[in-house]
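Q: Sequences are here, hints too, so could you generate the full structure?
Residue numbers (my numbering), protein chains in the order written: chain A, 1 to 359; chain B, 1001 to 1616.
Hint data in this document are derived by calculation from the structure and do not stem from the laboratory.
Mixed in with the good hints there might be a few duds.
[Said to hold, decoys possible] 20 Å max Cα-Cα, derived DMTMM-like pairs, lysine to aspartate or glutamate:
id: 1; chain 1: A; residue 1: Lys292; chain 2: B; residue 2: Glu1344
id: 2; chain 1: A; residue 1: Lys338; chain 2: B; residue 2: Glu1356
id: 3; chain 1: A; residue 1: Lys275; chain 2: B; residue 2: Glu1520
id: 4; chain 1: B; residue 1: Lys1108; chain 2: A; residue 2: Asp344
id: 5; chain 1: B; residue 1: Lys1212; chain 2: A; residue 2: Glu334
id: 6; chain 1: A; residue 1: Lys292; chain 2: B; residue 2: Glu1348
id: 7; chain 1: B; residue 1: Lys1341; chain 2: A; residue 2: Glu241
id: 8; chain 1: A; residue 1: Lys330; chain 2: B; residue 2: Glu1356
id: 9; chain 1: A; residue 1: Lys340; chain 2: B; residue 2: Glu1356
id: 10; chain 1: A; residue 1: Lys79; chain 2: A; residue 2: Glu89
id: 11; chain 1: A; residue 1: Lys338; chain 2: B; residue 2: Asp1208
id: 12; chain 1: B; residue 1: Lys1340; chain 2: A; residue 2: Glu241
id: 13; chain 1: B; residue 1: Lys1556; chain 2: B; residue 2: Glu1520
id: 14; chain 1: B; residue 1: Lys1347; chain 2: A; residue 2: Glu295
id: 15; chain 1: B; residue 1: Lys1354; chain 2: A; residue 2: Glu334
id: 16; chain 1: A; residue 1: Lys275; chain 2: B; residue 2: Glu1508
id: 17; chain 1: B; residue 1: Lys1354; chain 2: A; residue 2: Asp302
[As the list claims (entries may be wrong)] Sample of chain A residues at the chain B side, in silico, Cβ under 7 Å:
id: 18; residue: Asn206
id: 19; residue: Asp208
id: 20; residue: Val209
id: 21; residue: Ser210
id: 22; residue: Gln211
id: 23; residue: Met240
id: 24; residue: Glu242
id: 25; residue: Val244
id: 26; residue: Arg246
id: 27; residue: Val336
id: 28; residue: Ile337
id: 29; residue: Lys338
id: 30; residue: Ser341
id: 31; residue: Gly342
id: 32; residue: Arg349
id: 33; residue: Thr351
C-beta: ideal position from N, C-alpha, C; glycine also.
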Amino acid sequence: MKYVRWFDEIGKDDISSVGGKAANLGEMVNAGFPVPPGFAITIDAFEEFLESAKKRGKKAHIARIISKVDPKDTRELEKVSILVRDIVESTPVPEHIEEEIVRAYEKFCNHVGYENIPVAVRSSATAEDVPDASFAGQQDTYLWIRGKDSVVRHVVKCWSSLYTPRAIAYRATKGFDHYEVSIAVVVQKMVNSRSSGVMFTLNPANGDVSQIVIESSWGLGEAIVSGEVTPDRFAVDKVMEEIVERTVSPKTRWCVFREDGGVVYQDVPEEMQQKPSLDDHEVKELARIGKKIEEHYSIPMDIEWAIDRDFEFPESIFILQCRPETVWSKRKKEPVIKAKSGFDLIMSRATTTIKLKKS
Amino acid sequence: MSGFPDPLEVETPDEMEGWKEMYPPHYIFSEERAEWERRQFWYLDKIHAPDPMYPFDLIFHEAWQIALAQLNTRVFCIPPAQGVAQRILGCYFYICAVEPPSEETIQKKAELFQKRAFYVFENYEKENLYEKWEKRFRELGEEVKKIEVPDLPTFEPDERVFPEPRGYFTSYDLMEAYSKLIDSIYKAWQYHFQYLNLSYLAYLSFADVVRKLFPAISESTIGKMVAGADVVMFRPQEELAKLARLAISLGDRVKDILRSDRSPEEKIEELSKFPEGREWLRDFEDAKDPWFYVSCGSGWFHYEGSWINTLTVPFEYLKDYIETIEAGGSVERDIDEIHKKREEIVKEYRNLIKNEDDRNAFDQAYDYVRRIYSYAENHLFWVEHWFHTIVFEKMREFGRLFVRYGMLNNTDDVFLFNRFEIPMIIEDLVTSWALGENVPPRAEYWKGIAEKRKKILEAARNWNPPPALGTVPEEVAEPFTVMLWGITQEKVTEWIKGVTYRPEDVTEIKGFAASSGVIEGKARVIRFLDEITQVQEGEILVCPNTNPSWAPVFMKIKAAVTDIGGLTSHAAIVCREYGLPSVTGTGVATQVIKTGDIIRVDGDSGTVTIVKRSEG
Chain A
1 MKYVRWFDEI GKDDISSVGG KAANLGEMVN AGFPVPPGFA ITIDAFEEFL
51 ESAKKRGKKA HIARIISKVD PKDTRELEKV SILVRDIVES TPVPEHIEEE
101 IVRAYEKFCN HVGYENIPVA VRSSATAEDV PDASFAGQQD TYLWIRGKDS
151 VVRHVVKCWS SLYTPRAIAY RATKGFDHYE VSIAVVVQKM VNSRSSGVMF
201 TLNPANGDVS QIVIESSWGL GEAIVSGEVT PDRFAVDKVM EEIVERTVSP
251 KTRWCVFRED GGVVYQDVPE EMQQKPSLDD HEVKELARIG KKIEEHYSIP
301 MDIEWAIDRD FEFPESIFIL QCRPETVWSK RKKEPVIKAK SGFDLIMSRA
351 TTTIKLKKS
Chain B
1001 MSGFPDPLEV ETPDEMEGWK EMYPPHYIFS EERAEWERRQ FWYLDKIHAP
1051 DPMYPFDLIF HEAWQIALAQ LNTRVFCIPP AQGVAQRILG CYFYICAVEP
1101 PSEETIQKKA ELFQKRAFYV FENYEKENLY EKWEKRFREL GEEVKKIEVP
1151 DLPTFEPDER VFPEPRGYFT SYDLMEAYSK LIDSIYKAWQ YHFQYLNLSY
1201 LAYLSFADVV RKLFPAISES TIGKMVAGAD VVMFRPQEEL AKLARLAISL
1251 GDRVKDILRS DRSPEEKIEE LSKFPEGREW LRDFEDAKDP WFYVSCGSGW
1301 FHYEGSWINT LTVPFEYLKD YIETIEAGGS VERDIDEIHK KREEIVKEYR
1351 NLIKNEDDRN AFDQAYDYVR RIYSYAENHL FWVEHWFHTI VFEKMREFGR
1401 LFVRYGMLNN TDDVFLFNRF EIPMIIEDLV TSWALGENVP PRAEYWKGIA
1451 EKRKKILEAA RNWNPPPALG TVPEEVAEPF TVMLWGITQE KVTEWIKGVT
1501 YRPEDVTEIK GFAASSGVIE GKARVIRFLD EITQVQEGEI LVCPNTNPSW
1551 APVFMKIKAA VTDIGGLTSH AAIVCREYGL PSVTGTGVAT QVIKTGDIIR
1601 VDGDSGTVTI VKRSEG
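A: Laid out in structure tokens, this is it:
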């Protein structure tokens, strides 16, 4: 197995081979976090696909086309992207690579125990998920993909997503070499999300590191990310492991799967709109996992999660991905209180008055 | 204008006519001081006085008004803090944190504060200041117990004449006994504040640090980091647990008597009939003083009673405890476990602080508060419970004397007179005694006043006093105001809303998120401890506030809501320990909620929702 590596075979040191996203998923699986099972298709597969015997030198050719583009010229970018993606997507996948992907998918179906299991196919770039050059969302993600042919087709789409206008412009501006970049792909069991959202292992509103803040909404996480809904918000005290804040918002829209693949936005049934999208047990369990993830990485983290409606709590909780929190982690080098003795502290309290606004 | 009534313009119902004469003149709002009084912000002190004030019971307030302020302004000199002034309006008790002094005075006070307050912080442990305090305080209480309230003899006995006539006799003894009692109360309340202002300050200073480091931390968590486990407050409950265990170990006969439905007196009588019973009674007697000198209420009012004179309360708990133990439950608090848990919590928060200077500041502030905070927890038992119980018992000796000589109809009528009036009754009585046979005192006059005042208090109970008066201040500096009464911007805003509310229209009330968790259930509104036996398993307790003598009921309930008290209040502490949701300091829970209502207590957000009103 050269082109396919299962999550439990990889870790954070494998970015150069499976990309950031897959390496991180492997890291989480091996640390014991509940990540939906899956596998990565290595960079080698992509490289060999483009450098295959018949079309030798295709990657260099593409790089040449792109390198001439002015990243500020959006129309030109668009044109070049379509051209290049077309070249990629019309390239047949070498048989031995396709075979290995299909075999992995079938093994996966057998293992989980049902045919044509829906999966998410996501790109996993080598420069992605790096704190200071966040590529997140720059490559494509395909949800609810079923069947071996469709999986292979979307793997190719992920490969070609290395050449979206945004990705091209980004590399040009940042000075990354178009020839050097490569891409791996993640194929992961789809979570049948009843609820999903994000979790920060600090309070993003004020940087309080003693709190975990969870944002949650019905259906797929896409609804939150795209700003379609105001999520429910829960704050959990990390030390006391107690819910200290609970804000339930009316959630009018949700994002759900279509049976034939892909996702669709719909109105949330009225009786569900005002209901909290997580119960207390789920909030606390998520926070507990969040705390462990933070401990594992030793820095505040930003975590995507989902609750699978096909499983019983706590097996229903899945971690989809995580990355270092960037906003507050950069600050906070300065002391908040500074060097002060107990004497100073009491003195400052004793001389302080509480101001009240006149109404 | 603030939206609060002018204190001089508030009208009281006609049936309350005469209420002003019940209290000392300096407690009444008057034209003479109107300019100053209107400028202050007065609020109804529901912590210390949820009900109309009995004239004698005001004495503790008279004493703390002086003692608290004196510490702030003249002794430890907390720079911008002055005292907390008091007034009575229509039998209800109002307080106000006096505005800060001049800038010049603040400067002078700052120097003295540094010198004096830090002496205490530095030496509190080294010099065993708490132990010295407790020793002196208990000696004072013992002296009060020893005060003799003599009966009036037909003739002084021979011993007072031979070998040398004593010179002063029973009339003087009676007057002296009363003076001594009053003096001791004032002295006790001066002791009460000896370290209290400073321990509150240390708490607030630590809370400042924690909130800067963890801006979203809850007050209840700060309380948990600071709270002691082996505090005196829990002792009465622990003594009962011990007595319950002892009863079980002594065999079925002792146990069954205690579990029976007989009265406490009958139970004691039965137990004294056999050796094991007598053994149990010996331990029981040993535990009584001081641990049964715990008030059945807050300790502030004579009518609340204490365990020592309301034995049904501890005996009811004993019964519950024995049943709990028999059912395999535990009635003890695991102090080591509680300590360990607290240490872990502090350690975990500390580990979250990445900057070394910040961590040092945290350590320093924590060190100060841990050193002195137990004072805030422990003094409460000794002063408000133990000492007040002694005082009320002693006053009842005077009451019984007055009844014996026809001056009053009932023993407890003595509490219908303020502390300046009692000497007049004593003087009237001893004058009549000294003058000789058949010389009438003005007994009907005193009885008449007592009857009239009962009616006034009754009328006052049916009157709804405004929650606040006067002008909202620009700043509050007084540590008690912040710590104990929790005066904040939000509170003031809530009160302004509260001026016009009607209890039956309210469906949601707000308070402190004192102990986390959310639960729905049937409310049981309890105003006094003697109603506590009404509480059924699994109900939600709604009460003005709780105190150590309520502790055993927490094993029965599934949540608690109080009118008064912040995050370090008794209810908050006990609920956190038992893992029950609690919302404290709602201000109005006992007015808004009725027994039988289905309510939802959200101890995370500090909200209580009335889900369904009970029928009728």
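Q: Against this structure, judge whether each hint is valid.
A: Verification of the supplied hints:
For the suggested pair A/Lys292 and B/Glu1344, the alpha carbons sit about 17 Å apart, so the restraint of at most 20 Å is met. With a C-alpha separation of about 9 Å, the suggested pair A/Lys338 and B/Glu1356 falls inside the 20 Å cut-off, and the hint holds. With a C-alpha separation of about 17 Å, the suggested pairing of A/Lys275 with B/Glu1520 holds against the 20 Å cut-off. With a C-alpha separation of about 18 Å, the suggested pairing of B/Lys1108 with A/Asp344 holds against the 20 Å cut-off.
Only pairs whose Cα atoms come within 20 Å are accepted, and B/Lys1212 paired with A/Glu334 is accepted, the gap being roughly 13 Å. The hinted pair formed by A/Lys292 and B/Glu1348 meets the criterion: a straight-line CA distance of about 14 Å does not exceed 20 Å. Restraint check for B/Lys1341 and A/Glu241: the C-alpha separation of about 13 Å stays at or below 20 Å, so the hint holds. With a CA separation close to 17 Å, the supplied pair A/Lys330 and B/Glu1356 stays within the 20 Å bound.
A distance of roughly 11 Å separates the Cα atoms of A/Lys340 and B/Glu1356; the hinted pair therefore holds under the 20 Å criterion. Using a Cα cut-off of 20 Å, the hinted pair A/Lys79 and A/Glu89 holds, with the two alpha carbons roughly 15 Å apart. For the suggested pair A/Lys338 and B/Asp1208, the alpha carbons sit about 13 Å apart, so the restraint of at most 20 Å is met. A C-alpha spacing of about 17 Å is found between B/Lys1340 and A/Glu241, which places the hinted pair at or below 20 Å, so the restraint holds.
Between B/Lys1556 and B/Glu1520 the alpha-carbon distance is near 15 Å, which keeps this suggested pair within the 20 Å criterion. Of the supplied pair hints, the one linking B/Lys1347 and A/Glu295 holds, its CA atoms being roughly 15 Å apart against a limit of 20 Å. Pair hint B/Lys1354 plus A/Glu334 holds up; C-alpha atoms about 10 Å apart against a cutoff of 20 Å. As the CA atoms of A/Lys275 and B/Glu1508 are separated by approximately 19 Å, the hinted pair is consistent with the 20 Å bound.
Taking the CA atoms of B/Lys1354 and A/Asp302, the gap is about 19 Å. The hint holds against a cut of 20 Å. Given hint, A/Asn206 at the interface with chain B, holds; its Cβ is 4 Å from that chain's nearest Cβ, closer than 7 Å. The interface hint given for A/Asp208 is met, as the beta carbon of that residue sits about 4 Å from the closest beta carbon of chain B, less than 7 Å. Annotation: interface hint on A/Val209 holds; nearest CB of chain B at approximately 5 Å, less than 7 Å.
With its C-beta approaching chain B no nearer than about 4 Å, A/Ser210 sits inside the 7 Å limit, and its interface hint holds. Of the supplied interface hints, the one on A/Gln211 holds, with its beta-carbon coming within about 5 Å of a beta-carbon of chain B, less than 7 Å. Because the beta carbon of A/Met240 sits about 6 Å from the nearest beta carbon in chain B, less than 7 Å, this interface hint is met. For A/Glu242, the interface hint holds, since its Cβ comes within 7 Å of a Cβ in chain B; the closest pair sits about 4 Å apart.
A least Cβ separation of about 5 Å between A/Val244 and chain B falls short of the 7 Å threshold, and the interface hint therefore holds. Using the Cβ-Cβ criterion of 7 Å, the hint placing A/Arg246 at the interface with chain B is satisfied: the shortest such distance is roughly 6 Å. With its C-beta approaching chain B no nearer than about 5 Å, A/Val336 sits inside the 7 Å limit, and its interface hint holds. With a cut of 7 Å, the hint placing A/Ile337 at the interface with chain B holds, because the nearest CB-to-CB distance is about 4 Å.
Taking 7 Å as the C-beta cut-off, the interface hint given for A/Lys338 holds, the closest approach to chain B being about 6 Å. Checking A/Ser341 against chain B: minimum C-beta separation of about 6 Å stays under 7 Å; hint holds. Annotation: interface hint on A/Gly342 holds; nearest CB of chain B at approximately 4 Å, less than 7 Å. With a least beta-carbon distance of about 4 Å to chain B, the hint placing A/Arg349 at the interface is held under the 7 Å criterion.
Annotation: A/Thr351 was flagged as interfacial toward chain B, and the flag holds, the nearest CB pair being 5 Å apart, inside 7 Å.
Of the hints listed earlier, there is not a single one the structure fails to meet.
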